[in-house]
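Chain order of the listed sequences is A and B.
According to this note's numbering, the first sequence is numbered sequentially starting from 533.
According to this note's numbering, the second sequence is numbered sequentially starting from 22.
Derived from the structure by calculation, the hints contain no laboratory data.
As the structure is a prediction and not an experimental result, all values here were calculated from the model.
Derived lysine-lysine pairs resembling DSS-like cross-links, with alpha carbons at most 25 Å apart:
| hint | chain 1 | residue 1 | chain 2 | residue 2 |
| --- | --- | --- | --- | --- |
| 1 | A | K660 | B | K109 |
| 2 | A | K660 | B | K112 |
| 3 | A | K541 | B | K112 |
| 4 | B | K112 | A | K632 |
| 5 | B | K109 | A | K571 |
| 6 | A | K632 | B | K109 |
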Amino acid sequence: MEENVIECKNLTHYYGSRLIYENLNFSVKKGHIMGLLGKNGCGKTTTINILNGFLQPRSGECLIYGESTQNLSPETKRRLGYLIEGHIQYSFMNIYQIEKFYSGFYKNWNRDAYFELMNRMKILPSQKVSSMSCGQRAQVALGLILAQDPDLLILDDFSLGLDPGYRRLFVDHMREYAKSGNKTVFLTSHIIQDMERLIDDVLIMDYNRVLMRGSASEFMEKFHQFTFDLDRDDLDFKSDPLIVEADRIKNHYEIYTYASDNEVKAMLETKGLAYRNFASVKMTLEDAFIGLTGKY
Amino acid sequence: MILHLFYKEWLKTRWAAFFVSLVGLAIVVYIFLDVDNNVRMKGSFNYLMSVFYGIPQANYYNSLIKYVPLLIGICIGLSQYVPEVLDKRIKLTLHLPLRNTIALYTMLCYGFLLLILSYGVVFGTFFYLNNSYFPFEESLAVLTSMMPWLLGGIAAYFMIAMIAMEPNLFYQFIYALVAYYLVKQFYIGVEHADTRHIIPALAIMAFVPCTALLYTSYRFMKGER
Numbered sequence: 533m534e535e536n537v538i539e540c541k542n543l544t545h546y547y548g549s550r551l552i553y554e555n556l557n558f559s560v561k562k563g564h565i566m567g568l569l570g571k572n573g574c575g576k577t578t579t580i581n582i583l584n585g586f587l588q589p590r591s592g593e594c595l596i597y598g599e600s601t602q603n604l605s606p607e608t609k610r611r612l613g614y615l616i617e618g619h620i621q622y623s624f625m626n627i628y629q630i631e632k633f634y635s636g637f638y639k640n641w642n643r644d645a646y647f648e649l650m651n652r653m654k655i656l657p658s659q660k661v662s663s664m665s666c667g668q669r670a671q672v673a674l675g676l677i678l679a680q681d682p683d684l685l686i687l688d689d690f691s692l693g694l695d696p697g698y699r700r701l702f703v704d705h706m707r708e709y710a711k712s713g714n715k716t717v718f719l720t721s722h723i724i725q726d727m728e729r730l731i732d733d734v735l736i737m738d739y740n741r742v743l744m745r746g747s748a749s750e751f752m753e754k755f756h757q758f759t760f761d762l763d764r765d766d767l768d769f770k771s772d773p774l775i776v777e778a779d780r781i782k783n784h785y786e787i788y789t790y791a792s793d794n795e796v797k798a799m800l801e802t803k804g805l806a807y808r809n810f811a812s813v814k815m816t817l818e819d820a821f822i823g824l825t826g827k828y
Numbered sequence: 022m023i024l025h026l027f028y029k030e031w032l033k034t035r036w037a038a039f040f041v042s043l044v045g046l047a048i049v050v051y052i053f054l055d056v057d058n059n060v061r062m063k064g065s066f067n068y069l070m071s072v073f074y075g076i077p078q079a080n081y082y083n084s085l086i087k088y089v090p091l092l093i094g095i096c097i098g099l100s101q102y103v104p105e106v107l108d109k110r111i112k113l114t115l116h117l118p119l120r121n122t123i124a125l126y127t128m129l130c131y132g133f134l135l136l137i138l139s140y141g142v143v144f145g146t147f148f149y150l151n152n153s154y155f156p157f158e159e160s161l162a163v164l165t166s167m168m169p170w171l172l173g174g175i176a177a178y179f180m181i182a183m184i185a186m187e188p189n190l191f192y193q194f195i196y197a198l199v200a201y202y203l204v205k206q207f208y209i210g211v212e213h214a215d216t217r218h219i220i221p222a223l224a225i226m227a228f229v230p231c232t233a234l235l236y237t238s239y240r241f242m243k244g245e246r
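Chain A with its partners taken away, still in its complex shape:
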């Protein structure tokens, strides 16, 4: 049986009287890359903060390598790499200084991995973090993580502020690093198309609840988008138990469902609706996410 690196049990959290989530349960297995997806304000960064011990949940607990995240030992912290939202690093340091600083904390520090990436990005050792673009800062943060060689990486919105080139570079490096070293990754991002290239498992959250948890590829196989036209333009399929989410432009309908095309067609026929141009649409993860959570 695969070891759970992260295990969160019955997490409940409020900000004041506002419920973020209740009894959230999830785990991340060793060697897996899990993406946490959700709309703004649904609790992604809250979860990351709980995992890093920067937030005490109202109830429930998270364990990392079997230790409560509220009281991680230095040994466990050493196995944990953390990327703060916006690639925050010590802006008063330069490339050389930041490497020198971190190298004292990690036994397996690999300075070559860090400087190799810096050289490839043409970032000079004397360059200050504060004078860097967001993309360059992201590479510094990535380089530091690669040099640290952690067993578990927690990345909070890693794609924030990055252009497509930097995003792709980050994702490719991260995937190669995680897969070749059997590393575990837990990450969030606003840009879901990046996740598609990276994640094995997905946890999709909406306000106060979990919409989906499991293998990303299985989810993409089971979740479908169908489009069709009807004579009527006043129907709302959202209340149908078969339909997860539905949208309509005039008499053109778009539905998201775990049901097969035959089941959807049967449902329409049962309702006495004559459909035309029935089609199954191939979805990206982003389409599926929108399909599951709605556009707004």
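Here the structure of chain A is known, so what remains is to put chain B in place on it, guided by the hints.
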């Protein structure tokens, strides 16, 4: 690891500590240029008498130098903690493979040592110059009189550390008010006073805020807003 943490703190604070010490030294030099002039004009004994009898213009040590320890405490505190508070960079430090309390108190210990070093440079020079114009006993008495101000700088530094770790803005404001009134007690001025009897009490007042860091950092780790 502790040395690496000191290295980070040094990178943040070195210029602030350098410039504030330079300002302190400039004030010391200015004071002793004036003292030198007075000693030449009036003679060392007569000038000292005018200091003892409390002629305001003659009281060379109860001048701008009074606020130098406070300036040093504030500058070192701000240069050390503002970069940590901006964008919550303190999370990076708390994520290091150290116990959080050890990491925070190592930072505090560094700041305190730097403060003492800056005091040493500025007030060591003051003491040395004072000793070259006046008897050792007078130099010692002056330094004792200055002790509340030196402790005031330490209190200000610890209060800044405590306020910086507080996650709630309103609480920060309340702590800042408390800090203002606490630090003010160290600068209630009289021309001449034997401060020896109040130094232990002031020392306790100066060092108590460093324990409050435990409370504000606990609130930060709990994720209080």
